[in-house]
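Residue numbers (my numbering), protein chains in the order written: chain A, 410 to 759; chain B, 410 to 759; chain C, 410 to 759.
Just so you know, these hints were derived from the structure itself, not from any lab.
Note that this is a predicted model, so its numbers are computed, not measured.
Watch out, some of these pointers could steer you wrong.
[Unchecked claim] Cross-link-like lysine-lysine pairs, in silico, PhoX-like; alpha carbons within 25 Å at most:
no.: 1; chain 1: B; residue 1: K727; chain 2: A; residue 2: K489
no.: 2; chain 1: B; residue 1: K735; chain 2: A; residue 2: K489
no.: 3; chain 1: A; residue 1: K727; chain 2: C; residue 2: K489
no.: 4; chain 1: B; residue 1: K489; chain 2: C; residue 2: K735
no.: 5; chain 1: C; residue 1: K489; chain 2: B; residue 2: K489
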Amino acid sequence: VPFVLNAWYVVAWPHEILAEALLARTVCNNAMVVWRGTDGIVHALEDRCPHREMPMSLGILEQGGLRCRYHGLLFAPNGKCTEVPGQDRISAGLEIRRYPTVEKYGWIWVWPGDAAKADASLVPEAYAHNDRADLEMVGRTAHFKANYLMVIDNLLDLTHEPFLHPTSLGNAAVYEAPAETFIDESSVRVERWMLGKLGSPMWVGMLQEFVHYEGPCDRWQKVFFAPPSGIYLHLGAAPAGAGALQGDLSRSAWFINNQFLTPETETSTLDFWSVANADFGRERIAAFMDRARDTILKEDQIALEGCQSVIDRQPGRKNYSIPTDKAGLAARRIVARMLAAEKRAQAHSG
Amino acid sequence: VPFVLNAWYVVAWPHEILAEALLARTVCNNAMVVWRGTDGIVHALEDRCPHREMPMSLGILEQGGLRCRYHGLLFAPNGKCTEVPGQDRISAGLEIRRYPTVEKYGWIWVWPGDAAKADASLVPEAYAHNDRADLEMVGRTAHFKANYLMVIDNLLDLTHEPFLHPTSLGNAAVYEAPAETFIDESSVRVERWMLGKLGSPMWVGMLQEFVHYEGPCDRWQKVFFAPPSGIYLHLGAAPAGAGALQGDLSRSAWFINNQFLTPETETSTLDFWSVANADFGRERIAAFMDRARDTILKEDQIALEGCQSVIDRQPGRKNYSIPTDKAGLAARRIVARMLAAEKRAQAHSG
Amino acid sequence: VPFVLNAWYVVAWPHEILAEALLARTVCNNAMVVWRGTDGIVHALEDRCPHREMPMSLGILEQGGLRCRYHGLLFAPNGKCTEVPGQDRISAGLEIRRYPTVEKYGWIWVWPGDAAKADASLVPEAYAHNDRADLEMVGRTAHFKANYLMVIDNLLDLTHEPFLHPTSLGNAAVYEAPAETFIDESSVRVERWMLGKLGSPMWVGMLQEFVHYEGPCDRWQKVFFAPPSGIYLHLGAAPAGAGALQGDLSRSAWFINNQFLTPETETSTLDFWSVANADFGRERIAAFMDRARDTILKEDQIALEGCQSVIDRQPGRKNYSIPTDKAGLAARRIVARMLAAEKRAQAHSG
């Protein structure tokens with residue numbers, strides 16, 4: 410099993426679950442159909458009718474649940490078959506696997522593992538920042554044809570910015586300023602301060618636009634990893650010496666970038682990313698994200714999908730780590746420990 | 410071996426074998442080239458030159474047979490090499506596998522198994538209805554990216570019509586009226602009468618057009634399976650109580666729909682389907698088939714190809730049968746018995 | 410190992426290595442990035458950063474070598490990492506596999522095997538004819554989705570011309586005139602003279618254009634194979650009895666066609682082909698090659714890719730050889746001996 414299954418994963422943004430519509434998504438190799446019931450609750454069932462294996466995502470939404478579009482079997486949101494057209498008896502085994510769901514912190518979550526273990530309180534509070542009332546937030550979904558841990562590596566080591574994103578996020582200041590990495594049992598945090606340095610093209614523009622400032626700046630990157638696959642970034646810049654390092658953000662430009670990296674398959678990832686900010690306003694954030702999607706995200710896709718294709722040529726080949734991989738390696742160790750614990754628990758119960 | 414090989418399968422409609430043209434088709438994983446000789450006889454050879462494995466379907470048709478377009482080896486319709494350009498001697502082993510063919514009941518048949526066992530009389534008489542002189546018939550070829558037994562399941566259980574074809578073939582009357590299923594050693598027959606019921610959209614239209622009638626109707630579905638993979642459907646409707654149940658079709662609309670489901674590979678099927686009728690006239694049948702292709706057939710393709718893709722995700726997984734699967738399961742048992750018999754015969758002879 | 414690796418293979422024409430540009434090519438399953446340094450020397454490294462497996466062909470060319478576009482690691486042309494941004498120490502193991510290269514006889518060569526064994530003097534002199542000062546030569550690169558030995562078979566048995574290229578190269582004269590085949594330890598040569606015969610369409614045109622002659626001609630095909638995968642063809646025609654057979658080419662039309670068939674993968678091949686001639690002039694050769702690409706090469710691609718797809722259906726199946734395969738079989742034996750010798754040498758050293 411390549412994934413931690415007893416965990417909550419983001420399956421969709423609330424705005425992706427349209428009224429009276431079915432969404433087909435794959436989470437940790439589990440193909441599922443997701444919809445919002447008339448009661449407002451989001452449901453997820455395996456995307457397969459147990460009768461003749463028809464995709465349920467081609468089905469018909471009804472008051473009583475989801476009807477298969479092939480022979481019309483109706484399934485309640487809990488997965489139990491409640492109607493077989495033309496028949497009185499319904500075999501007890503006619504049932505679709507249900508995936509627990511919860512709507513929390515501005516995301517729809519799904520639990521691909523043992524449903525009995527699912528508990529809404531297990532959505533880590535680390536993700537609460539995705540839904541801060543004091544910020545304007547826009548959320549979107551991107552897709553990488555690369556393993557999710559490679560996307561996490563990417564976000565935990567921003568020294569790639571000057572090379573992969575030189576026209577926006579990056580300049581030499583990033584790798585010139587060493588980052589501090591804080592690792593504990595279940596989280597990783599990276600903090601980098603670039604003090605009195607030239608900003609990168611994007612930050613130069615941000616400071617001009619929001620602080621009306623040109624010149625050397627104090628710039629920061631705070632990156633937080635919460636397992637199994639959430640990344641929270643706090644990124645900003647302020648005029649050099651204006652107090653940002655001491656916590657005064659009054660003269661600064663900054664934003665929060667959440668990215669939940671849901672494994673779709675072993676070589677593809679759904680990236681539920683958002684940008685949140687107090688000042689930009691919704692339209693400006695959306696326009697900024699449009700540009701980021703066509704530049705920064707595209708660059709990351711080219712790189713990560715390129716890496717994945719090289720890996721696919723000779724899977725399992727060793728690569729070399731360097732000091733800046735510290736945080737990414739720590740995140741991978743946390744996930745490996747969770748996988749091992751899950752395996753042990755299964756061996757005990759089996 | 411996933412297919413019964415010692416059997417006749419439809420490889421083409423006669424009108425698909427164009428003069429002086431080669432047709433490449435795959436039957437039960439056997440790639441072959443099919444053409445009509447100047448003597449009017451249809452021939453089939455393996456689509457591979459034994460010399461350097463050139464597809465023979467790229468070849469050149471000549472009086473003496475089929476010439477490979479690579480080095481010009483000429484093969485007689487029986488598969489024997491009769492000429493190697495620039496050489497006098499021809500090695501006895503230079504031979505292409507010939508597939509027996511026969512033209513019967515309006516179809517071209519091919520025998521993918523042991524040629525010594527092929528006998529034109531083994532084309533089941535059950536298929537004679539494909540070539541009735543008293544009817545006008547139009548034949549076409551469709552393709553499903555799904556196993557042929559799944560297409561047979563589909564046709565033997567028409568309770569799917571109200572859900573998959575609600576704007577044409579189906580309404581609730583179908584599953585409200587139980588079907589009778591007749592099973593013997595080598596055939597399956599399903600008969601359903603929907604008496605005094607509202608017609609489905611297509612049948613409402615047919616009765617208006619051909620009987621000038623609006624109102625409750627007596628409607629029937631007679632489906633016959635003949636192994637390995639032929640389906641014959643007699644479908645019709647008449648004003649309620651007009652005598653159709655007793656055999657009087659004088660005030661009724663009906664047509665015959667033959668479908669021979671030739672396995673192409675384990676996950677793809679050629680569907681040689683026809684519509685035959687006494688009254689419609691050729692152009693009206695063709696126009697009806699155009700509409701059916703763009704609606705009913707398309708709907709079946711979406712469903713069956715969706716099911717196949719779900720099966721491909723986890724091959725061999727159990728599904729649940731319900732009472733209306735009775736006929737389809739019986740057809741699968743007949744095919745399984747034929748496969749087992751063929752395996753036993755091979756073990757004896759080997 | 411399906412390829413002789415300790416050998417020089419053509420990786421590019423010099424004009425394909427553009428200034429300040431990277432070329433990604435695969436040679437014998439080795440993906441590599443090729444570029445010309447500011448010193449004019451062509452370098453080749455494995456197309457994979459050892460750090461996080463980024464394709465180096467997406468990298469940034471600099472004075473000091475090639476920089477990875479992901480985290481900015483700089484690699485010298487010898488493959489050693491010389492800079493890790495933001496770090497002082499560089500791990501000794503941070504190194505990319507270097508492929509020896511040499512520019513010789515008008516081609517860029519690469520050595521996919523043991524670099525210690527690479528020696529520019531091992532480029533066979535047989536290829537010197539690719540760079541004759543007395544001829545005008547145009548070189549191009551074609552691609553076949555077929556194994557390289559199948560392309561070599563094709564060129565060593567031109568009896569396929571009348572069937573595959575009937576509107577240009579071929580007519581019955583080819584297979585009517587037996588070829589002489591000369592085989593030694595490490596080369597194969599085929600020579601065919603078609604004396605006093607009708608020319609094929611292309612040669613009829615050539616004789617009209619360059620010799621102002623219409624009528625029977627003496628035509629020749631000299632094909633030379635030099636391992637691992639080079640083919641040199643001298644093709645021409647002269648008025649019958651005008652002395653060409655005796656070596657007088659003064660009244661003749663002829664050209665040289667070199668083809669180096671570099672294995673890309675086991676089922677794909679790069680074909681570095683050229684046409685050289687003393688009289689045509691550069692533009693006429695280029696126009697001739699445009700036509701050849703759209704006719705002769707296209708026909709060969711259809712045939713060879715067709716054969717490969719038939720082989721892929723049932724790999725390892727025996728085919729039948731005929732006398733005209735003599736040269737191709739001899740070439741395959743030479744390559745097999747080289748492969749066996751390479752395997753023995755590895756077993757000894759291992």
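Practice task
Please write out, lowest number first, the hints stated earlier that are contradicted by the structure.
Solution key: 5
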